[in-house]
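There are 2 protein chains.
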Amino acid sequence: MSLNLQTHTEHFTNPLYLESGRILEPYDIAYETYGVLNEDKSNVVVICHALTGSHHCAGTYEGENKAGWWDGLVGPGKAVDTDKFFVICTNVIGSCFGSTGPMSPKHPHHEPYRYKFPVVTIKDMVKAQRILFDKLDIHRVHAIIGGSMGGMQALLFAVHYPNFAQKIISLASTYATQPWAIAFNKVAQEAILKDPDFKQGYYDPELIKEHGLSGMAIGRMAGHISFLSHESMNSKFGREYKKDDGLYELFGKFQVESYLEYNSYNFTKWFDPLSYLYITKAINIFDLARGFDSLEEAMKKIQAELHLISFKNDILFKNFEMKEISDVLDRVGNKNHHYLDVDSDYGHDAFLVELDKFDTYIKEVLNG
Amino acid sequence: MSLNLQTHTEHFTNPLYLESGRILEPYDIAYETYGVLNEDKSNVVVICHALTGSHHCAGTYEGENKAGWWDGLVGPGKAVDTDKFFVICTNVIGSCFGSTGPMSPKHPHHEPYRYKFPVVTIKDMVKAQRILFDKLDIHRVHAIIGGSMGGMQALLFAVHYPNFAQKIISLASTYATQPWAIAFNKVAQEAILKDPDFKQGYYDPELIKEHGLSGMAIGRMAGHISFLSHESMNSKFGREYKKDDGLYELFGKFQVESYLEYNSYNFTKWFDPLSYLYITKAINIFDLARGFDSLEEAMKKIQAELHLISFKNDILFKNFEMKEISDVLDRVGNKNHHYLDVDSDYGHDAFLVELDKFDTYIKEVLNG
Numbered sequence: 002m003s004l005n006l007q008t009h010t011e012h013f014t015n016p017l018y019l020e021s022g023r024i025l026e027p028y029d030i031a032y033e034t035y036g037v038l039n040e041d042k043s044n045v046v047v048i049c050h051a052l053t054g055s056h057h058c059a060g061t062y063e064g065e066n067k068a069g070w071w072d073g074l075v076g077p078g079k080a081v082d083t084d085k086f087f088v089i090c091t092n093v094i095g096s097c098f099g100s101t102g103p104m105s106p107k108h109p110h111h112e113p114y115r116y117k118f119p120v121v122t123i124k125d126m127v128k129a130q131r132i133l134f135d136k137l138d139i140h141r142v143h144a145i146i147g148g149s150m151g152g153m154q155a156l157l158f159a160v161h162y163p164n165f166a167q168k169i170i171s172l173a174s175t176y177a178t179q180p181w182a183i184a185f186n187k188v189a190q191e192a193i194l195k196d197p198d199f200k201q202g203y204y205d206p207e208l209i210k211e212h213g214l215s216g217m218a219i220g221r222m223a224g225h226i227s228f229l230s231h232e233s234m235n236s237k238f239g240r241e242y243k244k245d246d247g248l249y250e251l252f253g254k255f256q257v258e259s260y261l262e263y264n265s266y267n268f269t270k271w272f273d274p275l276s277y278l279y280i281t282k283a284i285n286i287f288d289l290a291r292g293f294d295s296l297e298e299a300m301k302k303i304q305a306e307l308h309l310i311s312f313k314n315d316i317l318f319k320n321f322e323m324k325e326i327s328d329v330l331d332r333v334g335n336k337n338h339h340y341l342d343v344d345s346d347y348g349h350d351a352f353l354v355e356l357d358k359f360d361t362y363i364k365e366v367l368n369g
Numbered sequence: 002m003s004l005n006l007q008t009h010t011e012h013f014t015n016p017l018y019l020e021s022g023r024i025l026e027p028y029d030i031a032y033e034t035y036g037v038l039n040e041d042k043s044n045v046v047v048i049c050h051a052l053t054g055s056h057h058c059a060g061t062y063e064g065e066n067k068a069g070w071w072d073g074l075v076g077p078g079k080a081v082d083t084d085k086f087f088v089i090c091t092n093v094i095g096s097c098f099g100s101t102g103p104m105s106p107k108h109p110h111h112e113p114y115r116y117k118f119p120v121v122t123i124k125d126m127v128k129a130q131r132i133l134f135d136k137l138d139i140h141r142v143h144a145i146i147g148g149s150m151g152g153m154q155a156l157l158f159a160v161h162y163p164n165f166a167q168k169i170i171s172l173a174s175t176y177a178t179q180p181w182a183i184a185f186n187k188v189a190q191e192a193i194l195k196d197p198d199f200k201q202g203y204y205d206p207e208l209i210k211e212h213g214l215s216g217m218a219i220g221r222m223a224g225h226i227s228f229l230s231h232e233s234m235n236s237k238f239g240r241e242y243k244k245d246d247g248l249y250e251l252f253g254k255f256q257v258e259s260y261l262e263y264n265s266y267n268f269t270k271w272f273d274p275l276s277y278l279y280i281t282k283a284i285n286i287f288d289l290a291r292g293f294d295s296l297e298e299a300m301k302k303i304q305a306e307l308h309l310i311s312f313k314n315d316i317l318f319k320n321f322e323m324k325e326i327s328d329v330l331d332r333v334g335n336k337n338h339h340y341l342d343v344d345s346d347y348g349h350d351a352f353l354v355e356l357d358k359f360d361t362y363i364k365e366v367l368n369g
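Protein chains in written order, with our numbering: chain A, 2 to 369; chain B, 2 to 369.
The following block holds chain A by itself, in its conformation from the complex (with noise of 0.2 Å):
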C-alpha cells in the first residue's frame, strides 16, 4: 500500500482561549495525514512532534530527499502501520512550519506578531489540536504517540482529555521540565536574544533564509550536549580529528566541534529564532500538575492505557522522571500504565534514531 501522505492547513477564525487568558484569533493548523479513515473512524493515531519538529513525520516530499522526523516508525508495514491505521501529525502552534506562531501575519494589519506573540503553552498546543479534530469530526481516537516535547502533548491529552484516547504512549518525556533543563534552554534563548541580528525580533526573515542567527546556532550547540550522552559521544567523536584539520594535535579542529558547527548553523537556515523562543519558553513551563493541587490529583484523571517510555542514557529527561510519573500512577491505584526502560546509549536522540529498541513494543501496544 503507499503512505498516502496528504498535507492541509486548517484556518479557524473562533478565539483559541490561552492558558495565559490571552486569544490567538485567527488561527491556522498545519497537518500531515498517512493511510485512509476507515468507516467507523476507530483507526486513528495521532503523532505529536517534539521542539523542532513539524507535521511532517512520514514519507518524503516530491524532489526532496529527506524523509519525516518519524519516517522508520510511521509508514506501510512500520510500527505504525499506515495501511491499517489513520496517522495524522499536526504542527503545533507557536512553531514556523504552517500554524501560526510569532512570525505569522497578525489581524488586521498583517505584520508578524514578533514580540507580540502570546505566551503559548503546551496545554495550548494540545488544545488547538483537539479543535482540529473536532472540526475535522474524530472525536476518539485508537492512540496518540510523541517523544520529548511530543511525549508531554501526549500526556497533557491523557490527563485533559480522558475520554479522547485509548492508549497513548509517551517517550523520553517528563511530568515537568527539570532545572537542567530549562538550563540548556536558557543558553539559546541569551544566544538568540544577544545576537545583534536579532534585532529585539525584528530580524530580516530573508536573513534568516540565507544564513541564519549565530546566535541561535551557539544556542543549538548546547542543545545538541543534552541530545547526546557521555556514551553516545565517546563512540561517535571520541577525540578523532576533523580528517583535513588533524595535520597537527594542536591546531586541528575535533569532529565533535565539527559536527556541533555543521548541525548547529545548518539548523539557524529552517528554524525561526521567534520560534525556538516561544517553544523553548513553553517546555520551560511545561507541569502536568498545573491546575490540579498535586501531580497526584492530574494522575487521577487518566484512563487511556498510559506507556511510558524512557532511555538510559538521556540527560535531558532522566529517565527518573518518567518512572516518577509511573510511581505516582501506582499511588494513585491506576493500573492500567507500563514503564520502560530502554537500555540505549543514544541519550534523548534515541527517541528519533534508536527506532528499533522500541518499534515492536509501540507496534504491540497499538495492535494489542
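Careful, some of the hints might be misleading.
Said to hold, decoys possible - Derived pair list, reagent style DSBU-like, types lysine-lysine, alpha-carbon separation capped at 30 Å:
1) 270(A) - 200(B)
2) 195(B) - 270(A)
3) 136(A) - 107(A)
4) 136(A) - 302(A)
Just so you know, these hints were derived from the structure itself, not from any lab.
Starting from the known structure of chain A, fit chain B onto it as the hints suggest.
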C-alpha cells in the same frame, strides 16, 4: 599562626619553548606563597588552579571580602596546613591574573599579543611552573595538589617530572579531555568569537572591565551546566521562581535562569575572553599520553605516590575517567596509587565547594 600570604611576580627573559614549537619570550609568572619555607625545603606544597582560577588560592586581600578559591582547604590548621607547609600557587601562562597571557604586551612593541599569542598546552603551563620553582631554588616538593585543569597539571608533573614531587593529588580531572567537555567548551568559544564586541580579538579592554562580553556570558552559562549535576540543580533550584518574578508562572523567571544570568554576566567582568579561548583550547587538547606510544607508557614514568579523587556526579570529568587512570596504573604494575570516588551530589563543583568530603583525606596524605 598567620597565613603569611605573599604575592609575587617573577620575570623571565630566557625563552620558554612551547609544545607547539613556538617561543614565549620574555614572560612573567605571578604566584602566591603561604606559610614559611623550612630550612631543608622539605615542606613545599604546590597548588594548581583550574580554568578560571588564579594564584590567589587562600586568604583575603586587604579591602576585599572574597577569599581565595581554595581558602577552606589551605590555611593555618586546615587540611593544607600553612603552619606546617610552605604553599606555592602560580597563575598559569595564558591566564589573565599576572602571568603572561594573550593580553600581555608583546615584546618589543608593547601592543597586546591578542591572536598572536601562541597556543599553550597544559604541559607548557607545568613547564613554566617548573622553571619558576628552579629560580626559587626549589628542586623537589612534598606534594602537588590540583582539581579539574589543576588536576591535569598535577598528573603532568607526575609523568614528566617523576622525581619532582613526593606525593601528587589529582581531583575531578581526566587522562585526556573527552568529547562532552570539548563540546561544552565549544559553545563558549563560539559564543565569544561571534560576539561583535569581541572584534576578532581586538576588543577594548576597558569595555570588558565595564560590562564584559555577552558572548562570554552565554558560553559561561553552558559551562555552569557542566559544573553542576542533575542532583545539585534539583536541590539548588528545582522549579522555583525568582522571588520577585513569581507573580504568575507563565511570565516569571526560574531561579536556575536567574542563577545562570547572575553568575555568567558577573564572570565576564573579571575574566579575559582571549584567556578563556586559549585556556579552553589547552584543556581540549590535554592528553596525558601525548609524546608517548600509549597511556600505559606515560603511566610507567610515574614515581610519586599518586592519589586520584573523582566525584560521583561530576558530568564534566566523569568519575570513570579517573578510575581509568587507576586501572591503567594497576595494569602497568604501579603499586603506589590510590583511587577515591567521593559520593557527592555537587557535580564537578564539588572539588571547590564540598571540601568536607575530602579534606581529611588530603590532610592524611600530606601528613602520612
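How the hints compare with the structure:
1. Under the criterion of a C-alpha separation no larger than 30 Å, the hint pairing residue 270(A) with residue 200(B) is consistent with the structure, at around 24 Å.
2. Only pairs whose Cα atoms come within 30 Å are accepted, and residue 195(B) paired with residue 270(A) is accepted, the gap being roughly 17 Å.
3. Between residue 136(A) and residue 107(A), the direct Cα distance comes to roughly 23 Å. Compliance with the 30 Å bound is thereby established for this hinted pair.
4. Straight-line distance between C-alpha atoms of residue 136(A) and residue 302(A) comes to about 25 Å, which keeps the hinted pair within the 30 Å bound.
In summary, the structure agrees with every hint in the numbered list given earlier.
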